[in-house]
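Visitor: Sequence:
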Amino acid sequence: MKPTFSLSRQLVRSVINPVKHTPLDTLKSLPFTPKSLLYIPNTRTSVNAQQHVNSLLSENPNLQIITAVLDSVHQDIASELWFDDFMRIRSGKNLDNDAKNKPSLTLGFSGEILKIPLVRTTGFTNFDYTLNMKHNGTYLLDELDVWLPLKTGGISSWSHLHRISESRYNITSHLDNVIKQIDNRPASSVLMNELKQNGINENQPLYVQIGSQYARTNFYEIIAGGGEYGAKSEMLVLDCDKIPEALALQVQFCLPVPQLAKPSDNGGMIVDRIQDSKRIVDQGEDVIKDNFIRFGSEKGFQLSGYNLQAPNDFCSVRL
Numbered sequence: 002m003k004p005t006f007s008l009s010r011q012l013v014r015s016v017i018n019p020v021k022h023t024p025l026d027t028l029k030s031l032p033f034t035p036k037s038l039l040y041i042p043n044t045r046t047s048v049n050a051q052q053h054v055n056s057l058l059s060e061n062p063n064l065q066i067i068t069a070v071l072d073s074v075h076q077d078i079a080s081e082l083w084f085d086d087f088m089r090i091r092s093g094k095n096l097d098n099d100a101k102n103k104p105s106l107t108l109g110f111s112g113e114i115l116k117i118p119l120v121r122t123t124g125f126t127n128f129d130y131t132l133n134m135k136h137n138g139t140y141l142l143d144e145l146d147v148w149l150p151l152k153t154g155g156i157s158s159w160s161h162l163h164r165i166s167e168s169r170y171n172i173t174s175h176l177d178n179v180i181k182q183i184d185n186r187p188a189s190s191v192l193m194n195e196l197k198q199n200g201i202n203e204n205q206p207l208y209v210q211i212g213s214q215y216a217r218t219n220f221y222e223i224i225a226g227g228g229e230y231g232a233k234s235e236m237l238v239l240d241c242d243k244i245p246e247a248l249a250l251q252v253q254f255c256l257p258v259p260q261l262a263k264p265s266d267n268g269g270m271i272v273d274r275i276q277d278s279k280r281i282v283d284q285g286e287d288v289i290k291d292n293f294i295r296f297g298s299e300k301g302f303q304l305s306g307y308n309l310q311a312p313n314d315f316c317s318v319r320l
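For the sequence shown, the tail end lands on 320 under my numbering, and the numbers increase by one without skipping.
Quick list of in silico lysine to aspartate or glutamate cross-link-like pairs, DMTMM-like style, CA-CA up to 25 Å:
#, residue 1, residue 2
1, Lys181, Glu167
2, Lys300, Asp177
3, Lys243, Glu222
4, Lys152, Asp266
5, Lys21, Asp287
6, Lys21, Asp291
7, Lys94, Asp242
8, Lys152, Asp291
9, Lys135, Asp146
10, Lys290, Asp77
11, Lys21, Asp266
12, Lys263, Glu113
13, Lys21, Asp77
14, Lys135, Asp86
15, Lys135, Asp26
16, Lys181, Glu222
17, Lys152, Asp26
18, Lys116, Asp266
19, Lys181, Glu195
20, Lys116, Asp129
Listed next, with one range per pair, are the computed distances between beta-carbon atoms:
#, residue 1, residue 2, range
21, Asn95, Ser234, 39 to 49 Å
22, Ile224, Arg91, 24 to 34 Å
23, Asn95, Val288, 33 to 43 Å
24, Met193, Asn55, 54 to 64 Å
25, Lys29, Arg89, 19 to 29 Å
Keep in mind that the hints were calculated from the coordinates and are not lab data. Positions of the beta carbon are idealized from the N, C-alpha and C atoms, including for glycine.
Throw the hints in and build the complete structure from the sequences for me.
Guide: Here you go:
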């Protein structure tokens with residue numbers, strides 16, 4: 002299949018259910034000499050990733066290759082982003098097998114910064130998470146921040162959270178990712194009162210919107226709070242490392258809403274907050290889709306500092 006490409010000398014390609022096709026096939030058919038490749042298999046297609054990379058380097062030893070295994074709604078997919086320029090490494094963290102690490106890939110392009118967690122590859126590769134770079138050596142990584150020479154036509158994002166009410170509360174005590182007090186009251190009691198007043202069941206995903214005039218507004222999922230004895234029952238624990246350190250922080254409570262928009266597989270780069278119930282099992286083998294790539298995470302992702310963690314959240318980048 003003859004690849005399509007833009008004047009920017011790049012090729013974005015995804016292969017669904019790859020059986021015979023390999024990145025080497027793409028390399029041999031490219032109409033330009035690439036300097037770099039970002040290779041993104043998902044868990045199931047990561048089994049042969051190292052073999053494919055070795056074949057590429059045998060053909061072009063100077064090729065810069067970053068391999069990052071990310072999740073995707075497609076059950077079997079591997080994506081290739083080829084460039085006629087090098088990717089620029091901004092920072093990285095070497096693999097150290099620390100259980101506290103949260104391995105992630107950060108991609109910069111066209112003024113945007115996308116940060117996404119890696120998916121577990123235990124049982125598929127030799128590592129719990131798979132992120133590496135081949136260029137003047139081999140680098141095994143937990144984290145990587147890389148700027149892509151990717152040409153895009155704009156980006157859109159959709160958040161599927163709705164505020165339970167217009168009530169705003171002051172965060173009066175917090176530490177790291179824990180809200181201890183809201184308006185000088187136990188944080189969990191304020192939440193429970195809000196749910197009761199609005200007739201909302203507490204047994205569902207709940208989120209907070211936090212911000213102030215000194216800190217940008219952002220969303221965080223509540224992962225624990227109430228239901229225990231002692232001081233812990235009064236706190237709210239958020240799914241983040243740390244909420245902002247800023248004056249006059251305020252909080253509002255939010256719920257997920259039904260899907261407002263649906264991403265299209267017709268083209269572009271799609272990043273999903275993945276739900277198991279919406280996995281796509283594709284038919285056919287070696288289905289090549291140019292100018293298309295789709296990946297995501299069950300934990301959500303971050304786009305230029307904003308958290309997209311709710312079910313059905315996604316962003317779409319035009320290529």
